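Student: What follows is each chain in one-letter form.
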Amino acid sequence: AQSVAQPEDQVNVAEGNPLTVKCTYSVSGNPYLFWYVQYPNRGLQFLLKYITGDNLVKGSYGFEAEFNKSQTSFHLKKPSALVSDSALYFCAVRDKGSQGNLIFGKGTKLSVKP
Amino acid sequence: DAGVIQSPRHEVTEMGQEVTLRCKPISGHNSLFWYRQTMMRGLELLIYFNNNVPIDDSGMPEDRFSAKMPNASFSTLKIQPSEPRDSAVYFCASTLSGIHTEAFFGQGTRLTVV
Numbered sequence: 001a002q003s004v005a006q007p008e009d010q011v012n013v014a015e016g017n018p019l020t021v022k023c024t025y026s027v028s029g030n031p032y033l034f035w036y037v038q039y040p041n042r043g044l045q046f047l048l049k050y051i052t053g054d055n056l057v058k059g060s061y062g063f064e065a066e067f068n069k070s071q072t073s074f075h076l077k078k079p080s081a082l083v084s085d086s087a088l089y090f091c092a093v094r095d096k097g098s099q100g101n102l103i104f105g106k107g108t109k110l111s112v113k114p
Numbered sequence: 001d002a003g004v005i006q007s008p009r010h011e012v013t014e015m016g017q018e019v020t021l022r023c024k025p026i027s028g029h030n031s032l033f034w035y036r037q038t039m040m041r042g043l044e045l046l047i048y049f050n051n052n053v054p055i056d057d058s059g060m061p062e063d064r065f066s067a068k069m070p071n072a073s074f075s076t077l078k079i080q081p082s083e084p085r086d087s088a089v090y091f092c093a094s095t096l097s098g099i100h101t102e103a104f105f106g107q108g109t110r111l112t113v114v
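For the record, the sequence lines run as chains A and B.
When the letters of the first sequence are read in order and numbered with the numbering used here, they come out as residues 1 to 114.
When the letters of the second sequence are read in order and numbered with the numbering used here, they come out as residues 1 to 114.
It is possible that some hints are incorrect.
Some residues of chain A that are not near chain B, with every Cβ distance over 10 Å (derived) [unchecked claim]: (1) 12; (2) 13; (3) 42; (4) 45; (5) 62; (6) 113.
Label pairs and their calculated CB-CB ranges [said to hold, decoys possible]: (7) 12(A) with 87(B): 26 to 32 Å; (8) 14(B) with 109(A): 28 to 34 Å; (9) 85(B) with 55(A): 39 to 45 Å; (10) 80(A) with 15(B): 45 to 51 Å; (11) 62(A) with 100(B): 18 to 24 Å.
No wet-lab data here; the hints were simulated from the structure.
Note that the coordinates shown come from a computational prediction; the quantities given were computed from them, not determined experimentally.
Glycine residues also receive a C-beta, built at the ideal position from the N, C-alpha and C atoms.
Throw the hints in and build the complete structure from the sequences for me.
Tutor: So, in structure tokens, the structure goes:
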């Protein structure tokens, strides 16, 4: 079965420092991977996705993610964190091809301090 | 497009009462998902539809839960009778079916059963 794991419940970084939110995946076949962000009392918002092609994917709000097939990872990164980036981040994988749903990790809370 | 629209945003009900949550997907999207989010269990898929047909309802907790999608622009999630353990935030999401497509989420319905 397809799955993703987010090993960190919380990540703390100082404003201006680079941030990384980790995600590893387990899939049969090609992985289709997504990152979402959830701000307090809001729905999930799409950030970026990896389908095929370049291993470095750029998304919204200055975020990017690096797909690493050998390590089965898809870590979310940003060169310089903002306080406003503080939110809950979810990694997800598409299940079973075109009619499959999105399977989400448990989420990582990112806290950026001034 | 206004995005995925859910109603109500908040619902407080007494145990044993029937609760109906509503969702209007993005026009043109043909897949719709219902998720439940709690602190303990994270984000769980309850059911998803493709072209108005339920594809996988294995996440529906029990017979008290039912979902319908009578047409491409409307879906309901009903809980009858409701119990305190059903208290959660319920999200609806829609997408175009296909491996490349991301899902778009509504703002959610916060349900409290007292």
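Student: What hints, given by number in increasing order, does this structure fail?
Tutor: Result: hints 3 and 4 break, sorted rising.
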